[in-house]
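Protein chains in written order, with the working numbering: chain A, 1 to 149; chain B, 1 to 146.
There may be inaccurate statements among the hints.
Unchecked claim - Facing chain A, a subset of chain B residues (Cβ under 10 angstroms, in silico): (1) 7; (2) 88; (3) 129.
What the hints assert, rightly or not - Part of the chain A face toward chain B, derived, beta carbon under 8 angstroms: (4) 6; (5) 8; (6) 137.
Keep in mind the hints are simulated off the structure, nothing from the lab. Keep in mind that this is a model prediction, so the values were computed, not measured. Think of the CB as a built atom: it goes at the ideal place given N, C-alpha and C, for glycine as much as any other residue.
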Amino acid sequence: MTKVFVSAVIDAPVEKVWASVRDFNNLPEWHPKFSRSHIEGGLPSDRIGCVRNFDIAGGGGTIRERLLELSDVEYSFRYCILTAPLPVENYVAQLTLYPVTVGNKTVGIWTAEFDVTNGDEAGVVKAVGDDTFGKAFEVLNTRLSGGRG
Amino acid sequence: MIKVYRSAIIDASADKVWKLARDFNGLPKWHPAIASSEIEGGVPADRVGCVRRFTRRSDGGLLREKLLSLADDTRSLTYNILVSPMPVANYMAGMRFTPITMGGTTFAEWWAVFDVTSGPPQVTADDIGDNVFVAGFAAIGKLLAR
């Protein structure tokens, strides 16, 4: 089992960050690595069990992920991969936001656990940890910290 | 029952912060409000169930607190108050320190739940939150400043 843990400070209030990431169908709207997304069967994107079907930008293939848990109390959601052009199995990930009361900022923690099926653990960890989770926090901070400091 | 939660970013690694905060007998080493501390019975400070007996700098007020849990992998601990000059009862608290991988800093959290036995509850809650918890974070940050 491989674990990825990425955390970052986002210079915006937690409610604002949560409003940006809560929609399980809007990843391509803010994450440059992804394009096009729809929820299969036309279900609401906050209905537990719904499946998002989206593409890696630039013809990188389609990913299908199932929403396992969504909590407006904890500012958190958890999901698993159903199909993806990634050499992983048993992939479960979770994004949680925490309020930083001193300075009214947000800490984002994004974790994943999975098995790597092709032996290239370092490559997968980079694709998931840096290119997906890390990039997400970078982009969110740039988008949402506007007008501050 | 009232809940207090404070959190901050400390500009030092989580391992460094935890090394300070983990010592249940170490409050006087970093917290400006605490004058002296000892563990009752001379047991180790990381033995769950141990009781720290410490005094406030401002008025010499005595507190006794019991260590309820301690975990190095999550860099967290919880404790409750046995004796305190503050108007509180059923007081339980915890702290946790999480690494911020993008930047190498620390996400520090400190919370408490309790009943206030006299005066406006929010005043006591804010006093603890700001003058104990946030002041503690600031002091750790200053001590470990890079």
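Violating hint indices (sorted, rising): Of the numbered hints, just 2 does not hold.
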